[in-house]
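Student: Single-letter residue listing:
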Amino acid sequence: MTNKINEQQSIPVSKVQRAAKFISTGAKVGGNYMKHYAKKVVNPAMTKDELHRNNATDIYDSLSELKGSALKVAQMMAMDKNMLPGAYQDKFTMAQYSAPPLSYPLVVKTFNQYFKKGPENLFDTFTTSAANAASIGQVHKATKGDKVFAVKIQYPGVGSSVKSDLKLVKPFALRLLNMNERELDNYMEEVEEKLLEETDYKLEVIRSKEISQACSHIKGLNFPKYYEEMSSARVITMDWMEGKHLKEWLQTNPSQEARDKVGQIMWDFYDHQVHQLKQVHADPHPGNFIIQEGDELAVIDFGCVKVIPEEFYSGYFSLIKKDLLIKEDELDQIFYDLEFISDRDSAEEKNYFKNTFKEMISLLGKPFHVDTFDFADDNYFQMIFALGDKISNDKMFRKSKQARGSRHGLYINRTYFGLYNLLNQLQANIKTTKPDWIKN
Amino acid sequence: MTEKTKNSHTDKNKIIDGYISYILETGSEPVSVFKFTKDMKMKEAVFYEYFSSFGAVKKAVWELIFDNTIQALESQEIYQSYTSREKLLGFLFTWIEELKNKRSYLLAVYGNVSLKNQSYPSELKGFKAKFKDFASGIVNEGKESEEIAERPYLTDKYQEAMWLQVMFVFRFWLKDDSPAFEKTDAAIEKSVNLAFDLMGRSAIDSFVDFAKFLFQSK
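Note that the protein sequences, when read in sequence, are chains E and P. In case it helps, the numbering used here puts the first sequence at residues 1 to 440. In case it helps, the numbering used here puts the second sequence at residues 1 to 218.
List time: in silico DSBU-like cross-link candidates among lysine-lysine, alpha-carbon distance up to 35 Å:
id, chain 1, residue 1, chain 2, residue 2
1, P, Lys175, E, Lys116
2, P, Lys175, E, Lys202
3, P, Lys59, E, Lys116
4, E, Lys116, P, Lys12
5, P, Lys128, E, Lys116
6, E, Lys117, P, Lys14
7, P, Lys12, E, Lys117
8, E, Lys141, E, Lys116
9, E, Lys144, P, Lys100
Hints in this document: simulated from the structure, not taken from any laboratory. Since this is a predicted model, take the numbers as computed values, not measurements.
Chain E extracted, bound-state conformation:
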């Protein structure tokens, strides 16, 4: 974000205190870090995971997987942006699984295991070192005939370590999110499910094919072709997509027109997925996009796909309408359905939370309320942070011992924050298309 420095100069005292708290929690659970950094001292060549960290620099990324209710996501943004040290980002993202790169003998072994052939038999050329780091594996570049492939290989044992890794993260999460344990477990299940899906490369190939087919009509949007016969539970072979990553591309000083174009493709892509397909690429992470010649956009990673249940969809998006013209009792019902309020709340609590959620949703829905929205507007993001901050310091929320917000909201919020954030980086002006029923 462009105004990062300014904001860091104005960290409120309370935040510093909170940061200190995390650090002390960190010291207890953080034996891992010690090892990690010790290794770095011994072997400075380990900076390959700087790649991962670059991928992870985006704020929403850091805690998003553990984040709870719609509300707390806003809180998260405030926290992320200002104070979460990079080390914590590592801790909370998939990048933590990515350890040092796989050695070439292990790559060979993985190939033999699944294809009964080494990579040198399957392809004409195959790079012995990784061309790129993927979230839980690495990407090698291979060629066969005149085709160039990207071959993604997963680290062994990632799937089986998801559970134990999440347990490790739990104490942090409890502390960071001001949630109680039961509340957190609700979300942890969702996160675990998604992480496990992310380690299933067979599923990823199927979904990639589905979504890329369903979105093939969007102009300027490209997908690699996936090769099932050269993919398996831990290997994915797809076309190598030429182009630049978002950050690299932005360094070339693209014109406003080009930025708007790329941003618009991104918006259209998400609009179609959320409202038509009802399943969405829930990881709008800069590392998952490549900007190609002619300002076209390529999507390269479908590890995390969230299927949106119909009840959740209609409830969630009916709140995004500009003027909530729905009757009070209907609105109540929606809030119940989305688990923002429950029977255990007192009347006062209900009222309070309803209002806060309304305020927040109308803020988050702002881009939907207009025909074109300028994501370069940092003021908008400031407002979100301010609200998040207000909420995270709010007594009512701290006292409340309940989960607020449906678990499905977890990834939907993450998706929208990720998308907004990417569009903000692009400084793009977007025609915020939406389905007719949301329009006013």
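Once you have looked at the hints, place chain P on chain E.
Tutor: Chain P alone, transformed into the frame defined by chain E:
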């Protein structure tokens, strides 16, 4: 190959295979060589031509696994261009594949043996000797390519350390219950990386060098 050696080769392998399947089926060692050869429809004397005891057969199993591993490794073209680190990794990954073919037998024999400290079963001796030969090759190459730092006294112990690592991997694999032994793969990868990071030139070397300098120039 002449008729004679071919024959002896098959006899030897027959005894090994017979011994392994005996263990697999009964869960224990044959009562005597006499009983074993009778079951195999073989003269007792043939057994003694190759082995002096059942212990010697077990020893041969280990050596056979090692020889197969090296053969499989060397059949890969890329192996020659591996660095020392990759060679050791390659060895362990291939070795585990070979072990997999005999997992039931190995579990039956070593499942309950504590493979700790210096008390390795004596039948491992032949394998150990062969492996140390192989390991010293790796160490020497590593020194040449400067992957491994030359340290007086310590460098001579590296083969021994690698042997301990092989035993660690074996123990880990015996107890591994992850699908396709994925955890063993991770254990190999991580332990070899650590080992080579330790053997490579690091801050400690500079520290020792500096300390030595200070001490000498006092």
